[in-house]
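Based on the hints, put chain Z in the right spot on chain F.
Here is what each chain is made of, one letter per residue.
There are 2 protein chains.
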Amino acid sequence: MVEMATEQITELSPSEWFMRNRNIAGFDNAARALYTALRELVENGLDACETSKALPEVIVSLKREQEDKRDPTVYVLRVEDHGVGVAADDVPTLFGKVLTGTKMALKQHRGHFGLGGKMAFLYGQVTTQSPIRIITCRINSRKVAIFSLKINIQRNEPQILERKVIPVSKFLQTQKASPVTTIDKKKRKDSSKKTSKKEPVWHGTITELSLMGDWQRSKGKILEYFKKTAIIVPYANLTFETPDGEVYRYERATESLPEPPEEILPHPHGVDTETLAQMIKVSKSTTLSDFLMDNFHRVGEKTAEDFLKFAELNGKKNPKKLSREEMVKLMESMEKYDKFLPPDPKCLSPIGEEILETGIKKELSPAFVTAVTRSPSVYSGHAFVVEVGLAYGGQIPLGMSIYRFSNRIPLLYDEGSDVTSKVVRELDWRRYHISPDRPIAIFIHLASTKIPYKTVGKEYIAEVDEIKREIDLGLKECARRLSIWLSKKERSEYVAKRMTLLKDYYAFIASTLERSISRKVDISKLFGNNKSNGIATATAQEEGGESVVDEETVVEKVAATSEKGRT
Amino acid sequence: MVEMATEQITELSPSEWFMRNRNIAGFDNAARALYTALRELVENGLDACETSKALPEVIVSLKREQEDKRDPTVYVLRVEDHGVGVAADDVPTLFGKVLTGTKMALKQHRGHFGLGGKMAFLYGQVTTQSPIRIITCRINSRKVAIFSLKINIQRNEPQILERKVIPVSKFLQTQKASPVTTIDKKKRKDSSKKTSKKEPVWHGTITELSLMGDWQRSKGKILEYFKKTAIIVPYANLTFETPDGEVYRYERATESLPEPPEEILPHPHGVDTETLAQMIKVSKSTTLSDFLMDNFHRVGEKTAEDFLKFAELNGKKNPKKLSREEMVKLMESMEKYDKFLPPDPKCLSPIGEEILETGIKKELSPAFVTAVTRSPSVYSGHAFVVEVGLAYGGQIPLGMSIYRFSNRIPLLYDEGSDVTSKVVRELDWRRYHISPDRPIAIFIHLASTKIPYKTVGKEYIAEVDEIKREIDLGLKECARRLSIWLSKKERSEYVAKRMTLLKDYYAFIASTLERSISRKVDISKLFGNNKSNGIATATAQEEGGESVVDEETVVEKVAATSEKGRT
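For the record, the sequence lines run as chains F and Z. Numbering-wise, numbering that gives the first Met the number 0 puts 485 at position 486 of the first sequence, and it's gapless, one number per residue. Numbering-wise, numbering that gives the first Met the number 0 puts 452 at position 453 of the second sequence, and it's gapless, one number per residue.
This is chain F alone, in the form it adopts within the complex (with noise of 0.2 Å):
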């Protein structure tokens, strides 16, 4: 700032300053941009889709510019969603310019920043100088909106190039978009009543850009990705077709679907006295304390009048006539008061423990696995909940692998800086008999109005106590579950190899009571389908079969005799 006194001063766009930074964001070169990009349209995809509470359907296709082309190289990047669409007249501002963004109210959404579909676009108009297309139509809507549009850098503003509106039926005839053929009928009957049962169905919406990519150097991310969103969104069908013309498929697993987040008002802890001097300009309320229940969440008028005692403000004062001295102690002590109610958690959409284990056993195949959604909990005035899940055996390779997810996305980068890597060390495994050359894979899912990204690029999540202490809480709780599963397993493997050593010893005394009853015995019998009761029968001779004894008893008790037999 200082340092450019001598120079030329420059104003930036926001658009130009986050094509000079895009490292930031995840653009660093061809192969990080290529996933990124990738990334962030899908992620806007399944968010449009999870508007709609339909189950999402994604179809993702990468294909080389020109055939025969060394990376890095021009790609076509194209995903499809058969979310909400958008409103025709949107389309400039939402895809075209940096920086839009929803108002005040607070829910949990993929998308944190508003930035990152824009900044692939940016990143493919700077590095090919070719329109984005843009194709969408509303959900109850029977036009389709096709744009062609650039970004103006330097105004940060939208460049439309072409501009026209058709009937989905025409639309569907000159396109390769899939029909959304399968109506969830019990979850949208209004839709299903308009539409006849012949004519095919679309809505959603569809983003096509070229941009410079490496795909050699990004293959294994993007299919870990893939991976990864395909456990956190069972419910979801994705498809991925990729320049080599393979085309992956992830069904989905479930028809369940999350319930969705609800919008609610900001949480008096955090706001600062802008926000606060802003929502004064444009509210109505003429005394403090209606302010305050008006425009906060979970602030009735018990609460309005303690925390107005607290901070030694007049409740009855018009909330405009504030003085900065009296602004500043209002923001004060909201954030030192720790009597207001916590966040409602319907602002989040954590997946459930079913969901998750879902998720997991179809893309993993474990032999065991347990999921845990905690309670919800706050920390800085945010809502989060942590969902844990883990998974033993089956194909899960050795070692220990940890999935980090927060708001439904994976994370891939930077995992040792995480704040779950951190609790994942730091927990002493033994105390649950787990020694981490096992095949172990840990699963977190954190869901909030606000993940403590540390980087614009969604790497990973800042060392928060609070969700650090939930993380770590249920991490110990699948532990625990996982702990019991295994020493039943081994019991039950013990019992097992006894079992087999005491159908000897039965065999032999059997043999030797034949000679001295002189008749035949049949052991076979004892050893049968029900085995337990068999046994039971046998050795605890009791009559109508109704003190079962199971397997395990039988065993315990031979080995105890063997063991006094042996003294």
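Read the hints as simulated data drawn from the structure, not as lab findings. None of the values given here were measured: they were computed from a predicted structure. Take every hint as true, because none was put in to throw you off.
Quick list of in silico lysine-lysine cross-link-like pairs, DSS-like style, CA-CA up to 30 Å:
#: 1; chain 1: F; residue 1: 328; chain 2: Z; residue 2: 96
#: 2; chain 1: F; residue 1: 319; chain 2: F; residue 2: 308
#: 3; chain 1: F; residue 1: 175; chain 2: F; residue 2: 149
#: 4; chain 1: F; residue 1: 308; chain 2: Z; residue 2: 68
#: 5; chain 1: F; residue 1: 467; chain 2: Z; residue 2: 220
#: 6; chain 1: Z; residue 1: 218; chain 2: F; residue 2: 328
#: 7; chain 1: Z; residue 1: 449; chain 2: Z; residue 2: 467
#: 8; chain 1: Z; residue 1: 280; chain 2: Z; residue 2: 301
#: 9; chain 1: F; residue 1: 360; chain 2: F; residue 2: 220
#: 10; chain 1: Z; residue 1: 335; chain 2: F; residue 2: 220
#: 11; chain 1: F; residue 1: 328; chain 2: Z; residue 2: 220
#: 12; chain 1: Z; residue 1: 52; chain 2: Z; residue 2: 169
#: 13; chain 1: F; residue 1: 68; chain 2: Z; residue 2: 315
#: 14; chain 1: F; residue 1: 96; chain 2: F; residue 2: 220
Coordinates of chain Z only, in the frame set by chain F:
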């Protein structure tokens, strides 16, 4: 983005966006924000001083706005530098608007994003509603400009509340600013001519802002920041007055200033088509070949010709008439062509081995110190130099500590993720007979026109292969030197120990000799100040003292003899 389709779309100004996402720039909470704000302003102050080629002087004070207030509370931060100052007309744009930057020319700066200082102002404003005060005087001016301003956050525009210009003399009477009394005459003959010796001189910039802070929780980091800054800029005077009235003063230990960096043209490697299009638009060149030579760093006729052949582009073509495909081809070829000359290191300003060693000695008083400035190198078209220092013993605490710097900024957070930590961890210290539990301090300074930070908060450096390699080589050279010093030290300790033994032998032999030759033998002369000579003479029995045999040899011989005696 797409997820906002059914919600109200809001466009954010860059100021608003950065305020909402201030955690990515290091303004997470009152403690971190206080540290970051202070550091950003100190760094701007140092840059302003170095631009004027003067020995830097930066004076910082931090006071509570109201005494007896518990943290977090409002602090007043005042940073004064004796640098170049800012022209009055530039003040509103440079201080009151986010995303103002320099033009395309490249040189090494502390500031990297053109953002840090302004984030501090914005944070101060949103937490206290107070304006910032800027007092500035250009280096050869006699007029001081005084501003009070706010940032209109919705419009990202400066809002001037007060502006006045007064003579320097009057300003010094009314203000508590420190006059610049000592002018470095060698470096600034011109300005000293203009100034009569009796009149006090003042130039530079004072920035004063109110902000919500938490001194208790940030004190440690802030003091660490000053101590580490004093190491990397040992030619600066730094003064810091804490809210508790303590004054920390870091005096300069050297008057030599590193050579300042020069601006260079952009390197062809890493330029995108958008930048190319902009350059072509303003260029007066009528052929592609001329355009390349005029606008790119170290591209002469031969290079241009060879490159154009490689790119299969016609050098005689008017650059304004390139098609989209040709632009992409140009960019792609610039990326792939590996025969461009590397960037000229004159755009860099490493501090140099001597200054680095001075800084380390001054702040840490080690028993041993060494430093290496590596040769300039290149990553993705950006020039960089790695400097490594290694200190041992003295007042350095036990264990290995790492001091990281980039463009003369100490990096205090996320050490574990930094490329430096990785190199230190991976180095095989045993090869150098250095045990990590000894008192060791490692210093790494990376100077570059583009530091690959992973975060806007400038916490740590990404793992770039070329940089990693240079750090590794520098560290190995330092480790080798320490290893030699350590073995010499061990050797001399060993020698000293043997000498004590030897004296005992001599005393014994002398006493037996005394009896057989019946006269006093004075061995004290043999072990006088000039020990080696004495011993050499006493054992080798050669004349003229020419063949001086040193203590080590004596010890070895005696040792060898006594070994033989034992067998």
